[in-house]
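A.B. asks: My request is simple: use the sequences and hints to build the entire structure.
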Amino acid sequence: MCYNCGCGNPNDDMGDPKNITTKTFDEAAKAEKQSREEAMKNTLDLLKRQLDSDAK
Numbered sequence: 057m058c059y060n061c062g063c064g065n066p067n068d069d070m071g072d073p074k075n076i077t078t079k080t081f082d083e084a085a086k087a088e089k090q091s092r093e094e095a096m097k098n099t100l101d102l103l104k105r106q107l108d109s110d111a112k
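End of the sequence shown sits at 112 in the working numbering; the numbers just go up one at a time, nothing left out.
Rather than coming from a laboratory, the hints here were simulated on the basis of the structure. For each residue, glycine too, the CB sits at the ideal point set by N, CA and C. Do not take every clue at face value.
Unchecked claim - Here are the simulated lysine-lysine pairs, DSSO-like style, with alpha carbons at most 27 Å apart:
#, residue 1, residue 2
1, Lys74, Lys104
2, Lys104, Lys86
3, Lys89, Lys104
4, Lys86, Lys97
5, Lys74, Lys86
6, Lys89, Lys74
7, Lys74, Lys97
8, Lys79, Lys104
9, Lys79, Lys97
10, Lys89, Lys79
11, Lys112, Lys89
As the list claims (entries may be wrong) - Simulated DEER-style distance windows between Cβ atoms:
#, residue 1, residue 2, range
12, Asp101, Lys79, 15 to 25 Å
13, Arg92, Cys61, 27 to 37 Å
14, Pro66, Glu88, 25 to 35 Å
15, Gly71, Lys112, 34 to 44 Å
16, Lys112, Lys79, 29 to 39 Å
17, Asp110, Ile76, 12 to 22 Å
18, Lys112, Asp82, 14 to 24 Å
C.D. replies: As structure tokens, then:
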């Protein structure tokens, strides 16, 4: 899924490298010297805060 389209396949960029995939998280994690899981958790935490903030 590219994570942003909702198709359910986290490794398929659907032909456009701008879509968010597991590779995106791998590259972001490497840039910050962290694990993929840490990068994903940090992203999730921020997304939750943003969505909560936007709902108010």
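A.B. asks: All hints, please: hold or fail.
C.D. replies: Now the hints, each set against the structure:
no.: 1; hint: Lys74 <-> Lys104; result: holds (22 Å)
no.: 2; hint: Lys104 <-> Lys86; result: holds (23 Å)
no.: 3; hint: Lys89 <-> Lys104; result: holds (23 Å)
no.: 4; hint: Lys86 <-> Lys97; result: holds (15 Å)
no.: 5; hint: Lys74 <-> Lys86; result: holds (18 Å)
no.: 6; hint: Lys89 <-> Lys74; result: holds (22 Å)
no.: 7; hint: Lys74 <-> Lys97; result: holds (21 Å)
no.: 8; hint: Lys79 <-> Lys104; result: holds (22 Å)
no.: 9; hint: Lys79 <-> Lys97; result: holds (15 Å)
no.: 10; hint: Lys89 <-> Lys79; result: holds (15 Å)
no.: 11; hint: Lys112 <-> Lys89; result: violated (34 Å)
no.: 12; hint: Asp101 <-> Lys79: 15 to 25 Å; result: holds (21 Å)
no.: 13; hint: Arg92 <-> Cys61: 27 to 37 Å; result: violated (20 Å)
no.: 14; hint: Pro66 <-> Glu88: 25 to 35 Å; result: violated (20 Å)
no.: 15; hint: Gly71 <-> Lys112: 34 to 44 Å; result: holds (37 Å)
no.: 16; hint: Lys112 <-> Lys79: 29 to 39 Å; result: holds (34 Å)
no.: 17; hint: Asp110 <-> Ile76: 12 to 22 Å; result: holds (19 Å)
no.: 18; hint: Lys112 <-> Asp82: 14 to 24 Å; result: violated (33 Å)
Of the hints listed earlier, those the structure fails to meet are numbers 11, 13, 14 and 18, in rising order.
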